[in-house]
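A.B. asks: Chain by chain, the residues:
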Amino acid sequence: MDKLFYLFLAYSIIWVLIFGYILRLGKKQAKLQKELELFKEVINSKSS
Amino acid sequence: MTENTRTSLIEKVLAWSTFLTVFVALYLALVYAPTEKTMGDVQRIFYFHVASAWVGMMAFLVVFVASIAYLLTRQANWDIYAYTSAEIGVFFTTIVLITGPIWAKPIWNTWWTWDPRLTTTLILWFLYLAYGKIRLAIGEEEKKARLAAVFGILAFAVVPVDFFAIRWWRTMHPGALVTSNGIALAPDMMLAFFASLFAFTLLYCYLMMRSVRIERIKAEIRLLKEGMFN
Chain U
1 MDKLFYLFLA
11 YSIIWVLIFG
21 YILRLGKKQA
31 KLQKELELFK
41 EVINSKSS
Chain Y
1001 MTENTRTSLI
1011 EKVLAWSTFL
1021 TVFVALYLAL
1031 VYAPTEKTMG
1041 DVQRIFYFHV
1051 ASAWVGMMAF
1061 LVVFVASIAY
1071 LLTRQANWDI
1081 YAYTSAEIGV
1091 FFTTIVLITG
1101 PIWAKPIWNT
1111 WWTWDPRLTT
1121 TLILWFLYLA
1131 YGKIRLAIGE
1141 EEKKARLAAV
1151 FGILAFAVVP
1161 VDFFAIRWWR
1171 TMHPGALVTS
1181 NGIALAPDMM
1191 LAFFASLFAF
1201 TLLYCYLMMR
1211 SVRIERIKAE
1221 IRLLKEGMFN
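Which chain is which? The protein sequence lines are U and Y, in order.
Per this note's numbering, residue 1 is the first one in the first sequence, and the count goes up by one each step.
Per this note's numbering, residue 1001 is the first one in the second sequence, and the count goes up by one each step.
It is possible that part of the hints are untrue.
As the list claims (entries may be wrong) - Derived DSS-like pairs (lysine-lysine); straight-line CA-CA distance at most 27 Å:
hint, chain 1, residue 1, chain 2, residue 2
1, Y, LYS1225, U, LYS31
2, U, LYS34, Y, LYS1225
3, Y, LYS1105, U, LYS46
4, U, LYS40, U, LYS28
As the list claims (entries may be wrong) - Restraint-style ranges between C-beta atoms, simulated for each label pair:
hint, chain 1, residue 1, chain 2, residue 2, range
5, U, GLN33, Y, GLY1182, 18 to 24 Å
6, U, VAL42, Y, TYR1027, 30 to 36 Å
7, Y, THR1073, U, SER48, 34 to 40 Å
8, Y, ALA1130, U, PHE19, 26 to 32 Å
9, Y, LYS1143, U, PHE8, 44 to 50 Å
10, U, LEU36, Y, ILE1068, 27 to 33 Å
11, Y, LEU1072, U, PHE19, 33 to 39 Å
No lab work stands behind these hints, which were simulated from the structure alone.
Cβ coordinates follow ideal geometry from the N, Cα and C atoms, glycine included.
Take the sequences, apply the hints, and build the full model.
C.D. replies: Right, here's the structure in full:
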């Protein structure tokens, strides 16, 4: 197989993994932030 | 300016500088750097393969330092730094273990060989995977942090073995870049190499910042839950 194919394969995998990882962090953070807001709301409504 | 706004601003600045630096490093690695005479274009894998290995080892060094700091101070922040750095270290070592065989196949005519450098890198990867598994297996927060810190310190013993494997043993893996005669790279290649190192170091800082933030939100939720149910 052409050496350029291996170069393309390696770089594609690197960037797919990196973007996937960043996306996963973003989704996780958004979900937790939502959960945190919800908890704060419940606590506020209980105390008022 | 509140703490949250300041963190968000730093995170944005870091994200943009990482993006720009990575873009420049990609240009230098794929276009600017000359083609290596023996291996041809496939050698360009080297720039981000080595940068990933560098970040992986640096991340494990952070685990080691943060683990010692945790055992000395028992402050939860150090445990968070150790844990998030271990996860990022495993991520970058995974990149090393994937790109290495892709580079090896056209050059060595095999995807994998039980060469000292390859084997020690694989052991390192398994060790830090085990570090994550230990954390998942223990429920009690304080015990989890304490045992993980001890494991994080002991596991670091393999990092120098991995780093020096190409100096200590006869290996198929390319030799050390830094020798007594200086850096064994042409000046144009050296520029691309340092740019990729710098870009991935910034990427590590960015990922650390995001992961630490996530862990802090988790801790805050845990505290609120405890307050609600106790």
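A.B. asks: Against this structure, judge whether each hint is valid.
C.D. replies: For each hint, the structure was consulted:
1. The straight-line distance between the Cα atoms of LYS1225/Y and LYS31/U is roughly 16 Å, inside the 27 Å bound, and the hint therefore holds.
2. For the given pair, LYS34/U sits about 15 Å from LYS1225/Y by alpha-carbon distance, which is consistent with the 27 Å threshold.
3. Proximity of LYS1105/Y to LYS46/U is assessed by CA-CA distance (about 63 Å); at most 27 Å being required, the pair is judged violated.
4. Restraint check: the Cα-Cα separation between LYS40/U and LYS28/U comes to about 18 Å, which is no more than 27 Å; the hinted pair holds.
5. Between GLN33/U and GLY1182/Y the beta carbons are some 49 Å apart, a value that contradicts the proposed interval 18 to 24 Å.
6. With their beta carbons about 51 Å apart, VAL42/U and TYR1027/Y fall outside the hinted range of 30 to 36 Å.
7. A C-beta distance of roughly 38 Å is found between THR1073/Y and SER48/U, which places it inside the suggested range of 34 to 40 Å.
8. For the hinted restraint 26 to 32 Å between ALA1130/Y and PHE19/U, the CB-CB distance of approximately 27 Å keeps it satisfied.
9. Judged by the Cβ atoms, the range 44 to 50 Å given for LYS1143/Y and PHE8/U holds: they are separated by roughly 47 Å.
10. In this structure, LEU36/U and ILE1068/Y meet the distance hint of 27 to 33 Å, their C-beta atoms being roughly 31 Å apart.
11. The hint said 33 to 39 Å for the Cβ distance between LEU1072/Y and PHE19/U, and at roughly 38 Å that hint holds.
Violation of the numbered hints given earlier is confined to hints 3, 5 and 6; the remaining hints are satisfied by the structure.
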